[in-house]
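Engineer: Respectively, the protein sequence lines represent chains E and A. For the first sequence, position 64 (counting from the first letter as 1) is numbered 102 according to this note's numbering, and the numbering increases by one without interruption. For the second sequence, position 83 (counting from the first letter as 1) is numbered 317 according to this note's numbering, and the numbering increases by one without interruption.
One thing to keep in mind: the hints can contain errors.
What the hints assert, rightly or not - Beta-carbon label-pair distances, calculated as ranges:
#: 1; chain 1: A; residue 1: Asp285; chain 2: E; residue 2: Glu116; range: 51 to 57 Å
#: 2; chain 1: E; residue 1: Thr128; chain 2: A; residue 2: Gly351; range: 44 to 50 Å
#: 3; chain 1: E; residue 1: Asn41; chain 2: A; residue 2: Ala304; range: 39 to 45 Å
#: 4; chain 1: A; residue 1: Glu242; chain 2: E; residue 2: Asp259; range: 25 to 31 Å
#: 5; chain 1: A; residue 1: Arg350; chain 2: E; residue 2: Glu84; range: 43 to 49 Å
#: 6; chain 1: E; residue 1: Lys105; chain 2: A; residue 2: Gly351; range: 50 to 56 Å
#: 7; chain 1: E; residue 1: Lys244; chain 2: A; residue 2: Lys323; range: 31 to 37 Å
#: 8; chain 1: A; residue 1: Asn277; chain 2: E; residue 2: Trp173; range: 33 to 39 Å
#: 9; chain 1: A; residue 1: Asn277; chain 2: E; residue 2: Arg79; range: 36 to 42 Å
#: 10; chain 1: A; residue 1: Lys323; chain 2: E; residue 2: Thr128; range: 30 to 36 Å
These aren't lab readings, by the way, just hints derived from the structure by calculation. Note that beta-carbon positions come from the ideal geometry of N, C-alpha and C, so glycine has one too.
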Amino acid sequence: MANIIGGITTSHIPAIANAMANGLEETPYWKPFFDGYPPVRDWLNEKKPDVIILFYNDHGLEFFIDKKPTFAIGVADEYHNADEGWGIPTIPPVTGESELSWHIANSLVEDGFDMTICQEMKVDHGLTVPLNLMWPGYNYGHVKVIPVCINCEQHPMPQPKRTFALGQAIGRAVASFDEDMKVAVFGTGGMSHQLDGERAGIINRKFDLECLDKLVTDPEDLTKYSNLDLVEIAGAQGVELNMLLAMRGTLIGEVKELHRNYHAPISNTGSGLMLLEHEMPK
Amino acid sequence: MATKEKREVPGTYLFDSTMAKKGYGLNKMCYSFNNQESRDEFNADPDAYCDKFNLTDAQKAAIKEKDIIAMLREGGSIYYLAKYAGLLKLNMQDIGALQTGMSVDEFKDMLVKNGRGDV
Chain E
39 MANIIGGITT SHIPAIANAM ANGLEETPYW KPFFDGYPPV RDWLNEKKPD
89 VIILFYNDHG LEFFIDKKPT FAIGVADEYH NADEGWGIPT IPPVTGESEL
139 SWHIANSLVE DGFDMTICQE MKVDHGLTVP LNLMWPGYNY GHVKVIPVCI
189 NCEQHPMPQP KRTFALGQAI GRAVASFDED MKVAVFGTGG MSHQLDGERA
239 GIINRKFDLE CLDKLVTDPE DLTKYSNLDL VEIAGAQGVE LNMLLAMRGT
289 LIGEVKELHR NYHAPISNTG SGLMLLEHEM PK
Chain A
235 MATKEKREVP GTYLFDSTMA KKGYGLNKMC YSFNNQESRD EFNADPDAYC
285 DKFNLTDAQK AAIKEKDIIA MLREGGSIYY LAKYAGLLKL NMQDIGALQT
335 GMSVDEFKDM LVKNGRGDV
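Bound-form chain E, shown alone (with noise of 0.2 Å):
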């Protein structure tokens, strides 16, 4: 059967991407935010998972509001990132997994999820700035990926409570797949910032700390919350918490915290980086 190994949540801001194509990475702006990751990477090749369930909103690359899912799943054998209009580098074709993908889409949309499933979209910084994180040079061409992508972009979003009880059906999608294969879920984005209006440039630090202890221990606690407690709490774009307890609805049972790493200010956000482990299935 696929196990789900375990979490990690990631920022996925683009101004990250920038950095490394430049080289930035030991610079005093950037050290603290890099230095947190060798201990994850060494975990991801040592696992060495097959496939990551990852959870990440698209700011306006495949999805316009034209036609805005609230919950979409990506079912390809390849994804492709494409010019997102302000000069990040396009990365090389991220790897699919269509089999494990169907499956859990259909799981899903069994389970009450009803999916926007999609054979072709083009993946974001939200998605391609966390591979990227964990293999540097692009040299993630042998995982496959699985694409979530959650409205954080126009209300009404998918609320909090939602977007984790959406983490444990995909939980319990993985646990039904026949296939042995190991599976690793990230959750990306946040922590607290917002980019718009006068209160642009905020940052929670007491309050993404809070939610980083809570993600392990009591994820159910957070889900208490709304988007718009989100909004006033932790920043217009702090709704994309939704992003890390999705993943944290992935994991069952006791869960470890083996890393974490939160570093604020990473351009206007507060970035939170932790590794968690949980109680596999028997």
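Using the hints provided, position chain A relative to the given structure of chain E.
Structural biologist: Below, chain A alone, put in the same frame as chain E:
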């Protein structure tokens, strides 16, 4: 059931149904800036390009003045406006400074303080 809740968060322009409708043309134009040909076409004749997407006078003025707050008021979503900012070679700290009335250095200092949890 949909709640009727309208919560005001000062300095925040929630991109909701009202804004999504109001800003549709503006956002659609900015979405087109994913393509180099569209960016070139805009740069060659901004007014004509705005007309192609039926921008209102208020939206056109905001684009012309590079007034991000006005674009938000006119229904712009920051994710699409960011593509216009890219066309102007502005990054997120430049945009933050423009919206808050700070210099870019002051805005960056604020981010550092906020990141440390000083406020």
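Engineer: What hints, given by number in increasing order, does this structure fail?
Structural biologist: Of the numbered hints, 1, 2, 3, 5, 6, 10 do not hold.
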